[in-house]
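Going down the list, the sequences are from chains A and B. Letter 291 of the first sequence, counting from 1, is numbered 291 in the working numbering, and no numbers are missing. Letter 66 of the second sequence, counting from 1, is numbered 66 in the working numbering, and no numbers are missing.
If you're looking for bench data, these hints aren't it; they were derived computationally from the structure. Treat the hints with care, since some could be wrong.
With a straight-line Cα cutoff of 25 Å, these simulated DSS-like cross-link-like pairs (lysine-lysine) come out [what the hints assert, rightly or not]:
{"id": "1", "chain 1": "B", "residue 1": "K145", "chain 2": "A", "residue 2": "K340"}
{"id": "2", "chain 1": "B", "residue 1": "K138", "chain 2": "A", "residue 2": "K22"}
{"id": "3", "chain 1": "B", "residue 1": "K145", "chain 2": "A", "residue 2": "K159"}
{"id": "4", "chain 1": "B", "residue 1": "K13", "chain 2": "A", "residue 2": "K159"}
{"id": "5", "chain 1": "B", "residue 1": "K114", "chain 2": "A", "residue 2": "K159"}
Distance windows between CB atoms, simulated [what the hints assert, rightly or not]:
{"id": "6", "chain 1": "B", "residue 1": "T69", "chain 2": "A", "residue 2": "G30", "range": "36 to 42 Å"}
{"id": "7", "chain 1": "A", "residue 1": "L461", "chain 2": "B", "residue 2": "T69", "range": "30 to 36 Å"}
{"id": "8", "chain 1": "B", "residue 1": "F110", "chain 2": "A", "residue 2": "R145", "range": "14 to 20 Å"}
Note that beta-carbon positions come from the ideal geometry of N, C-alpha and C, so glycine has one too.
As a plain string of letters, each chain reads:
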Amino acid sequence: MSSSSTSIMDNLFQRSLEDLIKGFRLQLLGESNFISRALEEIRREIKVTDLSTKSTALHKLSYLAALHGVDMSWAAFHAVEVVSSPRFQHKRIGYEAITQSFHEQTSVLLLITNQVRKDLNSANEYEVSLALECLSRIGTHDLARDLTPEVFTLLGSSKAFVKKKAIGVVLRVFEKYPDAVKVCFKRLVENLESSDPQILSAVVGVFCELATRDPGSCLPLAPELYKVLVDSRNNWVLIKVLKIFAKLASVEPRLGKKVAEPICEHMRRTVAKSLVFECVRTVVSSLSDHEAAVKLAVAKIREFLVEDDPNLKYLGLNALSIVAPKHLWAVLENKEAVVKALSDEDPNVKLEALHLLMSMVNEDNVSEISRILMNYALKSDPFFCNEIIFSVLSACSRNAYEIIVDFDWYVSLLGEMARIPHCQRGEEIEHQLIDIGMRVRDARPQLVRVSWALLIDPALLGNLFLHPILSAAAWISGEYVEFCKNPYETVEVLLQPRTGLLPPSIRAVYIHSAFKVLIFCLRSYFSAEESTLSFSAQEFSSASSSMNAFTYESILNLVNVIELGLVPLSGTHDVEVQERTKNVLGFIGMIKQDLAEKLNLQDSETEVFRVTAFMEDVFSEELGPVSATAQDKVCVPGGLELKENLGDLEEICGEFLKPVDSVSYTDKISFSVSKLRIRDQQEASSSSSPPHEASSLLAEHRKRHGMYYLPSQKDDPDSNGTPNDYPLANELANEISPDPFNPKKKPNQSKQRPVVVKLEEGDESRNPPQAKSNIETVNDDESLSRAIQSALLVKNKGKEKDKSETNPNSGQQEKEESSRIEDHQNSEKKKKKKKKKNGERSSKHKSRGRNEVASASEQVIIPDYLL
Amino acid sequence: MIKAVMMMNTQGKPRLAKFYNYMPVEKQQELIRGVFSVLCSRPENVSNFLEIDSLFGPDSRLVYKHYATLYFVLVFDGSENELAMLDLIQVPVETLDKCFSNVCELDIVFNYSKMHAVLDEIVFGGQVLETSSAEVMKAVEEISKLEAASNSISLVPKSVSGWRGR
Numbered sequence: 001m002s003s004s005s006t007s008i009m010d011n012l013f014q015r016s017l018e019d020l021i022k023g024f025r026l027q028l029l030g031e032s033n034f035i036s037r038a039l040e041e042i043r044r045e046i047k048v049t050d051l052s053t054k055s056t057a058l059h060k061l062s063y064l065a066a067l068h069g070v071d072m073s074w075a076a077f078h079a080v081e082v083v084s085s086p087r088f089q090h091k092r093i094g095y096e097a098i099t100q101s102f103h104e105q106t107s108v109l110l111l112i113t114n115q116v117r118k119d120l121n122s123a124n125e126y127e128v129s130l131a132l133e134c135l136s137r138i139g140t141h142d143l144a145r146d147l148t149p150e151v152f153t154l155l156g157s158s159k160a161f162v163k164k165k166a167i168g169v170v171l172r173v174f175e176k177y178p179d180a181v182k183v184c185f186k187r188l189v190e191n192l193e194s195s196d197p198q199i200l201s202a203v204v205g206v207f208c209e210l211a212t213r214d215p216g217s218c219l220p221l222a223p224e225l226y227k228v229l230v231d232s233r234n235n236w237v238l239i240k241v242l243k244i245f246a247k248l249a250s251v252e253p254r255l256g257k258k259v260a261e262p263i264c265e266h267m268r269r270t271v272a273k274s275l276v277f278e279c280v281r282t283v284v285s286s287l288s289d290h291e292a293a294v295k296l297a298v299a300k301i302r303e304f305l306v307e308d309d310p311n312l313k314y315l316g317l318n319a320l321s322i323v324a325p326k327h328l329w330a331v332l333e334n335k336e337a338v339v340k341a342l343s344d345e346d347p348n349v350k351l352e353a354l355h356l357l358m359s360m361v362n363e364d365n366v367s368e369i370s371r372i373l374m375n376y377a378l379k380s381d382p383f384f385c386n387e388i389i390f391s392v393l394s395a396c397s398r399n400a401y402e403i404i405v406d407f408d409w410y411v412s413l414l415g416e417m418a419r420i421p422h423c424q425r426g427e428e429i430e431h432q433l434i435d436i437g438m439r440v441r442d443a444r445p446q447l448v449r450v451s452w453a454l455l456i457d458p459a460l461l462g463n464l465f466l467h468p469i470l471s472a473a474a475w476i477s478g479e480y481v482e483f484c485k486n487p488y489e490t491v492e493v494l495l496q497p498r499t500g501l502l503p504p505s506i507r508a509v510y511i512h513s514a515f516k517v518l519i520f521c522l523r524s525y526f527s528a529e530e531s532t533l534s535f536s537a538q539e540f541s542s543a544s545s546s547m548n549a550f551t552y553e554s555i556l557n558l559v560n561v562i563e564l565g566l567v568p569l570s571g572t573h574d575v576e577v578q579e580r581t582k583n584v585l586g587f588i589g590m591i592k593q594d595l596a597e598k599l600n601l602q603d604s605e606t607e608v609f610r611v612t613a614f615m616e617d618v619f620s621e622e623l624g625p626v627s628a629t630a631q632d633k634v635c636v637p638g639g640l641e642l643k644e645n646l647g648d649l650e651e652i653c654g655e656f657l658k659p660v661d662s663v664s665y666t667d668k669i670s671f672s673v674s675k676l677r678i679r680d681q682q683e684a685s686s687s688s689s690p691p692h693e694a695s696s697l698l699a700e701h702r703k704r705h706g707m708y709y710l711p712s713q714k715d716d717p718d719s720n721g722t723p724n725d726y727p728l729a730n731e732l733a734n735e736i737s738p739d740p741f742n743p744k745k746k747p748n749q750s751k752q753r754p755v756v757v758k759l760e761e762g763d764e765s766r767n768p769p770q771a772k773s774n775i776e777t778v779n780d781d782e783s784l785s786r787a788i789q790s791a792l793l794v795k796n797k798g799k800e801k802d803k804s805e806t807n808p809n810s811g812q813q814e815k816e817e818s819s820r821i822e823d824h825q826n827s828e829k830k831k832k833k834k835k836k837k838n839g840e841r842s843s844k845h846k847s848r849g850r851n852e853v854a855s856a857s858e859q860v861i862i863p864d865y866l867l
Numbered sequence: 001m002i003k004a005v006m007m008m009n010t011q012g013k014p015r016l017a018k019f020y021n022y023m024p025v026e027k028q029q030e031l032i033r034g035v036f037s038v039l040c041s042r043p044e045n046v047s048n049f050l051e052i053d054s055l056f057g058p059d060s061r062l063v064y065k066h067y068a069t070l071y072f073v074l075v076f077d078g079s080e081n082e083l084a085m086l087d088l089i090q091v092p093v094e095t096l097d098k099c100f101s102n103v104c105e106l107d108i109v110f111n112y113s114k115m116h117a118v119l120d121e122i123v124f125g126g127q128v129l130e131t132s133s134a135e136v137m138k139a140v141e142e143i144s145k146l147e148a149a150s151n152s153i154s155l156v157p158k159s160v161s162g163w164r165g166r
């Protein structure tokens, strides 16, 4: 009694969904408060036995879940209860809740199988529709398997309302339970000939999805689909058929020739922009070898581009970018429209235009296009500005700066980019500045000039995004100091107090560069002295040594400036800065005494001369680009067990061993390899070996962890004369002679393209290959496509049988396929006034032979008339 | 395939959200917020398409239409045509306009259930099955009738006999 009365009270005073929504709008409590109160209510109401109360509670819960992100998985069982109600309204609420919240892992999912089956068999088409919708959304393998017979029955329904939904549900059923293909496929295919546009649209939609997953399996249906393509005047249907053919043409290129003409026909005829666009897209993406079709498509694209409607403009640009790789002329023809679109107010249009513009960049127009783009970058919003910068950077650096001829210009452009107020691509610019420094010898003077301009610009120091660029500029001024006009000023800039704004890691680069400059100055001072004394042509001579006439005073001054700038830094907290500082100060400490005491420093016996020469040696090694795949080139020496004994590696390294993603891993390896190599060469070249205690320690370490080292003889594959196909980057840079003048290439070019060091491989591999993902999806759909293929085989055989029974002269079974097609061809021929009769006869002839082959090998029969 | 249908007002409050692949509710809310943050930053009179791979995974496109205080959003993949999707938005809007004669945001707020009925007739498990608003109207009216009928049966025994029984 009491329980039933509370249920009645609940029911009477239950808030409906409408009440709930009204409550929300009043907002007396905060929203989250209100939701938790409502949830409390729902939790109570949903437990009541009365189905009306229960369903209203569930309805409210669905609403809260959909719009306010409330979890409703706990109510799964209640949804099953509600769906079993005989009342339509409850059922609808129940199904709504189920489709919304159930998934493969929902434990009560199997409980609904019988209810769904019951509703699929219902006489009320709206109940059937609810059940179908549910199956199409949450159908699992088990549900699909158990309900396949019902779906099959519904496929034959006389009510279009039910039939179209049954067709729609087939997609989910096939996907989850491929064996259903055997049962349902024939009925599905039959609907391709339906005269009802709704049914046709539904079935074409299903095949579009199937073709997307596996184009090959739908190939045998090409004749039926072709008929739809030619006959249908429904835009929805045509769009889907075009999509299917775009997919099919990718696996069977010969289809393209056949469908190109009808597609062009639609393009000329229709006024519906959606259909025109689909035709255009199909042509430019899948039929790009058919010149006439492409021409027509490009003409249509041009119409889109000049429209005022931003949607059409956007899609037109979109289509152009598809066509660009194969038919660049199409883009060039519309260049004005593209450039104009750069200043469009629509960000989509602007971006699309930018991509297009970048696709037509080549070595002749790169400077013009970059000029245009830089102007746009200056006045654009930050996002688009950086998109522009990024596009220019990546287009110009592609394939080791392939399109850049004038590196002085490009380096200046990089410097200019740094000054664009919104620039946030500091890291990429940093990378390129250094990369060009290493690869292009001739660009170094300009690099140093640009770096100098960047370093003295006080505005850049305050911009966080530009710090990487400054780091590159500092490194360049140190590394290529011989091109520097005024080393003294460079040192001043590198050690200016405002460098305190930089992060420590970059500050360390500044200090180290100042050190390099100091060494350079000392060395050129000594060598100048030497040469004036001995009058012999010294080997050591830099381009600017005569220019930088260092006097004793200027050197002294320089040392003082450096010392003054660095002393305050020797106490910083950052270890890197501190260490660099201490290094320089230590060096200065070593030479200071000599400097102060003697005026004749050219004496090679002095301490200062010796240390300077040593440091000069250390710095003189030129850095070159390193292939990202350098590590792979090192052949594994015999006797080295790479895979074994790595167990105790963990003990040694402990938790420092963390998985690193492959990209940075190879980067690190190549970096360390290059360092090693440089060190080895240094050790070989400079006789000054490391102190003895250190080498003995090293030897001991090697002895202990010997198994992790390569045998020392084979450390450098070049040293013992083993054949090595990988040229050392540094050597390469030294050996390359200036490119001989090449009249074929750029006769009007006044300036010759400087040598760019390029490693044959490895330059491109900075991006990891990403083609793997496809394979998995293929595997997923494999069973489905196999099922479809076998179903088609059965279907074709069935037809053969049918025909052979009715047809007295059944001896020519292999002609079946072609005769079926001929029927259609004949009707088509009538339309075309019997053109090209000879050509078709010969193709028929050919096809018969192919057909025999196909049936003999029990493969999927590919209809031949389309080929 | 259509991946999701959303309606939200210009303040970002969702009015309708349907995802055709199962997604946890937190993810749904995140996507709704993400879509709104992109939409609200777009000026008037620009194209109605968006590349939205960052939110919905690769090969995702979004088309939206702005009506008075509402955004109507469709998210779909490469097997749909952009312009056709733009036309498709018109179908439910037209239907709702017929249902409520001059539909406004309040109608949509208070007729959550009907909204779903309309949408379910047009998009079925992610596939477009109906594009004629007359057909949709017919089905929706039929569904309303069925619901009303099942309700009227239920009202009598529930309230009257229930009270008597006490």
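Evaluation of the provided hints:
{"no.": "1", "hint": "K145/B / K340/A", "verdict": "violated, 56 Å"}
{"no.": "2", "hint": "K138/B / K22/A", "verdict": "violated, 29 Å"}
{"no.": "3", "hint": "K145/B / K159/A", "verdict": "holds, 19 Å"}
{"no.": "4", "hint": "K13/B / K159/A", "verdict": "violated, 39 Å"}
{"no.": "5", "hint": "K114/B / K159/A", "verdict": "holds, 23 Å"}
{"no.": "6", "hint": "T69/B / G30/A: 36 to 42 Å", "verdict": "violated, 23 Å"}
{"no.": "7", "hint": "L461/A / T69/B: 30 to 36 Å", "verdict": "violated, 48 Å"}
{"no.": "8", "hint": "F110/B / R145/A: 14 to 20 Å", "verdict": "violated, 41 Å"}
The structure shown violates the earlier hints numbered 1, 2, 4, 6, 7, 8.
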